[in-house]
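Engineer: Could you fit the two chains together into a complex? Lean on the hints.
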Amino acid sequence: MQHVDHAHTIIELDRVCFSYTNEEVIKDVSLEIHKGDYVGIVGPNGGGKSTLLKLMLGILKPNDGTVRLFGSDIKDFKDWSKIGYVPQKTYIEINFPVIVEELVAMGRYGKQGLFHFPTKEDKEKTLTALKQVDMLGYKDRQINDLSGGQQQRVFIARALATEPEIIFLDEPTVGVDIKTQKQFYALLRKLNKELALTLVLVTHELDVVAHEATELGYINRTMEYYGNPEEFLKGAYFHELIGRGGLHH
Amino acid sequence: MIRGFEAGIIIAVIAPLIGIFLVLRRYSLIADTLSHVSLAGVAIGLLLKINPLIAAIIAAVVSSVAIEKLRISKRIFGESALSIFLSGSLALAIVLISFAHGFGADLFSYLFGSINTVKQSDVYIIGALGILVVAAVIAFYKELVFVTVDEEAAYVSGIPTKFINILLIVLAAFTVSLAIPIVGVLLISALMVIPVVTALQLKMSFKKTIFFADLISVFSVITGIILSFYLNLSPGGTIVLVALGIFILTLFIKRR
Chain A
1 MQHVDHAHTI IELDRVCFSY TNEEVIKDVS LEIHKGDYVG IVGPNGGGKS TLLKLMLGIL
61 KPNDGTVRLF GSDIKDFKDW SKIGYVPQKT YIEINFPVIV EELVAMGRYG KQGLFHFPTK
121 EDKEKTLTAL KQVDMLGYKD RQINDLSGGQ QQRVFIARAL ATEPEIIFLD EPTVGVDIKT
181 QKQFYALLRK LNKELALTLV LVTHELDVVA HEATELGYIN RTMEYYGNPE EFLKGAYFHE
241 LIGRGGLHH
Chain B
1 MIRGFEAGII IAVIAPLIGI FLVLRRYSLI ADTLSHVSLA GVAIGLLLKI NPLIAAIIAA
61 VVSSVAIEKL RISKRIFGES ALSIFLSGSL ALAIVLISFA HGFGADLFSY LFGSINTVKQ
121 SDVYIIGALG ILVVAAVIAF YKELVFVTVD EEAAYVSGIP TKFINILLIV LAAFTVSLAI
181 PIVGVLLISA LMVIPVVTAL QLKMSFKKTI FFADLISVFS VITGIILSFY LNLSPGGTIV
241 LVALGIFILT LFIKRR
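As they're listed, the protein sequences go chains A and B.
The opening position of the first sequence corresponds to residue 1 in our numbering, with each subsequent residue numbered one higher.
The opening position of the second sequence corresponds to residue 1 in our numbering, with each subsequent residue numbered one higher.
The set of hints was computed from the structure by calculation and includes no laboratory data.
Please note: incorrect hints may appear among the correct ones.
Cut-off 27 Å, straight-line C-alpha distance, at most; resulting in silico cross-link-like pairs (BS3-like, lysine-lysine) [to be verified]:
hint : chain 1 : residue 1 : chain 2 : residue 2
1    : A       : Lys111    : A       : Lys75
2    : A       : Lys131    : B       : Lys203
3    : A       : Lys131    : B       : Lys208
4    : A       : Lys111    : B       : Lys162
5    : B       : Lys208    : A       : Lys123
6    : A       : Lys139    : B       : Lys254
7    : A       : Lys82     : A       : Lys61
8    : A       : Lys120    : B       : Lys207
9    : A       : Lys75     : B       : Lys162
10   : A       : Lys35     : A       : Lys78
11   : A       : Lys193    : A       : Lys182
12   : B       : Lys203    : B       : Lys254
13   : B       : Lys74     : A       : Lys27
14   : A       : Lys61     : B       : Lys162
15   : A       : Lys82     : B       : Lys162
16   : A       : Lys75     : B       : Lys69
17   : B       : Lys207    : A       : Lys139
18   : A       : Lys120    : B       : Lys208
19   : A       : Lys123    : B       : Lys207
20   : A       : Lys182    : A       : Lys35
21   : B       : Lys69     : A       : Lys61
22   : A       : Lys234    : A       : Lys193
23   : A       : Lys123    : B       : Lys203
24   : A       : Lys61     : B       : Lys74
25   : A       : Lys82     : A       : Lys111
26   : A       : Lys131    : B       : Lys207
27   : A       : Lys75     : B       : Lys74
28   : A       : Lys111    : A       : Lys35
29   : B       : Lys162    : A       : Lys78
30   : A       : Lys131    : A       : Lys82
31   : A       : Lys139    : B       : Lys208
Only chain B is shown next, with the shape it has when bound in the complex (with noise of 0.2 Å):
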């Protein structure tokens, strides 16, 4: 429980902070597309018994090194280039698990996030890479900005817009497949979408919106783990409750 709270609020900061990017990018299904393929990574690790979470990891990566390449190549729609891999990966997973149907219960726990068996070994993953991503995001913050605000004018500047492109894309990949223990495989987009789209609600800059994307994931991931401890809910699904109650919330405010 204690191990589910810290790697929850790891993954409460980094998900709203790579996914205000992805969101003002319209690249929203990456988080979805990546997250399947991460289930693909995790069956694999289970079926060749190696940690299936850095088997995600390493899925999740590979694959949005690829997608941003076929992306640039422009020999398919950037669209159709995300279903296929959504669509192909989630295949492959049922294939690989079929085959082992043995590990029904697992599954289960990575489909739809399980606070309480994380692991320690995961635990130390996921503060290590979430320390990582943040370190990634301070480091080259004006960078990713100039280039979701305006592609075209930061490679006019001089901006290496390709490798911010990159840059972008896997630590999105990061992002997804560490917090699969936390909310599992189907419901990470939302902890990057809904805190971020709350945010954008209040109209602020760009600094402030993040702050409180921030906040509003930070404060769905605990409320939601005491919630789900107390009334036996499933934590995943509970967090991501919480965080669309809040943001239907600013949606009534608003409009008074």
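Bound conformation, chain A alone (with noise of 0.2 Å):
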């Protein structure tokens, strides 16, 4: 296990508001992720979740308030090799025509830059990454003929190719079994504690990512909680939201 800095932030927004047309989103909300953190952030649907999550990676841009990435601001952030992005999985469709080794490859690109061809080294961290997620053995496979769990795999080892400090997931368990859900928590567990990677997961799945994450953010339009797992867990608030049958969105 490696040593890890808690002390060193790596995300901080302050203040931030967003807005996709006239109804607000997001709402004053202010943060800070620390290096090491395993962060699950829930709330009911349309509560914002992804859009913090998206706002975080400077796909969307605040209406107000500052997003910073490892002490710049995201306007000027260029370090986007110490990112690695798990998108929501809905996208891949029938027949697009890509095989696993193709697609995790592809967490090279940003670091190979423009008109840099990929090289052997590239080529190694990429299996290296199949390796990491137990999925090497299926590097010829097109995409589209895996499981949906074997599919988030290999989404992780993509994010895994760019060697990233931060890890990034949004609702990564959609549409899997409760066995393959829970390989894939203990594949994270094992990120966080033996990679020292600091994640970022967005998901609907409360009860379980309480348990997993060392912070949980509760995201109705406010951040209306943010700490620690075990004392949300036990505070009034969580029980309140189950008074409220709050939990199942």
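Structural biologist: Have a look at this one:
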């Protein structure tokens, strides 16, 4: 296990607001994510979980407030190789012509820069990433031939191939069975503990992630809770949620 | 005839090369739109007595950038932007043609392609720009593929996605307008789409899919030209029918 300096701030949100049209989806969200944190972001549908993630990554720009990544404002952020991203997997279409190795190799593309062709090292890093998620044996298979859980591992391998310091995951376990889900969380635990990777996970599985993450954020337009997951489960707010049936959105 | 062969093979190579990115990004309609814009360019060229192919290329490239800007601005839906360009440029072409109603026979060859009347200067233009398109796809291959698979993830990896999107649509504009002398305005998108969709049925890697799409496309063009020559058919139509035949055959073989 590696020593992790948890005092080191990786992401800093300061009073971030965002609206798609007139409706404010995110209001006054401030938070800090530190190196080695395993952050679970939960909340009701439409509460702004995925929007918050996209704001952290600069895919969306805040209407107000600031987002800082590794100490620099997201507008000036250039060091994308520190970031791994596992998107919601709904877009993989039947017949999309890409094999596992090709998909994972994309994790290296940003690092290589324009006009550079993949090197031997890139190939090795790609295969190492596949090994880390136990999918090396599938490297020549087309991505559509895999199960949902296997596809998810491949997308994690793509993020790992970048050799990032932090990985963002957007609803990664949607549509996979319980057994696959368990293996998936075991893999995330391993990445967080053994590789000292910081993880930010958006999910609707509050009951699972509360026992996995080191920090829990509950967002419903505003960040209604951010902190220790145990405290959240014990707290009055959680019981109020159960009371009004707010857990299973 | 030889000139037609040379130009035809170049087009056969670049059409699926760009087509695969358009098909997978669900931009197939862009090829059709740009071909109608090219027709307006041809009409302007005939009217002003400048090389219609060059006029078509300029019109297509300028419009392609405008279409992409409109798409990004999100002021209107992407599809409606395409419809506006498609019908608008067709209307412009028709008006210009009726205005100068003397070039009927010429126009017919631009609508459906006319391999027998390909000029030597056209072969040079198609050759030079064809090489440019291939070189650009090779140089930006990894960025084009990443943006096609997953634009957001590509952005988060630091890929200049806006530039790649513009590049793709400009390359599409070149390809579409260059293909006009061979298959004509009305059949270009078929050559960009059918070989790609056929190759997609084979479920291979991205690189192999491109290779097979090109193979199917080149085979269709050569076979189509030869068949049309001996049977006295329209070359453009024959090429597309051959490609379509291969597609249907693939579907049957897959079902077994």
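Engineer: Against the 27 Å threshold, does the CA-CA distance of lysine 139 (chain A) and lysine 254 (chain B) hold or violate the hint?
Structural biologist: holds, 24 Å
Engineer: Taking only the CA atoms, is the gap from lysine 74 (chain B) to lysine 27 (chain A) under or equal to 27 Å?
Structural biologist: holds, 24 Å
Engineer: Given the hinted pair lysine 162 (chain B) and lysine 78 (chain A), is their Cα-Cα distance within 27 Å?
Structural biologist: holds, 16 Å
Engineer: Are lysine 82 (chain A) and lysine 61 (chain A) close enough, with their CA atoms no more than 27 Å apart?
Structural biologist: This hinted pair holds, its Cα atoms lying about 20 Å apart.
Engineer: Decide if the proposed pair is consistent with the structure: lysine 208 (chain B) and lysine 123 (chain A), CA atoms, cutoff 27 Å inclusive.
Structural biologist: holds, 18 Å
Engineer: Within 27 Å, alpha carbon to alpha carbon, are lysine 120 (chain A) and lysine 207 (chain B)?
Structural biologist: With Cα atoms ~18 Å apart, lysine 120 (chain A) and lysine 207 (chain B) stay inside 27 Å; holds.
Engineer: Holds or violated: lysine 193 (chain A) and lysine 182 (chain A), Cα atoms, limit 27 Å.
Structural biologist: holds, 16 Å
Engineer: Can you confirm whether the C-alpha distance between lysine 111 (chain A) and lysine 35 (chain A) stays at or below 27 Å?
Structural biologist: Holds, because 22 Å separates the two Cα atoms, which is no more than 27 Å.
Engineer: Check whether the Cα positions of lysine 139 (chain A) and lysine 208 (chain B) lie no farther apart than 27 Å.
Structural biologist: holds, 15 Å
Engineer: Tell me if the straight-line CA distance from lysine 69 (chain B) to lysine 61 (chain A) falls inside 27 Å.
Structural biologist: holds, 19 Å
Engineer: With the threshold set at 27 Å, check whether the alpha-carbon distance from lysine 131 (chain A) to lysine 82 (chain A) stays at or below it.
Structural biologist: Holds - the C-alpha atoms of lysine 82 (chain A) and lysine 131 (chain A) are around 20 Å apart, at most 27 Å.
Engineer: Take the C-alpha atoms of lysine 75 (chain A) and lysine 69 (chain B), compute the straight-line distance between them, and say whether it is at most 27 Å.
Structural biologist: holds, 21 Å
In summary, this structure violates none of the numbered hints.
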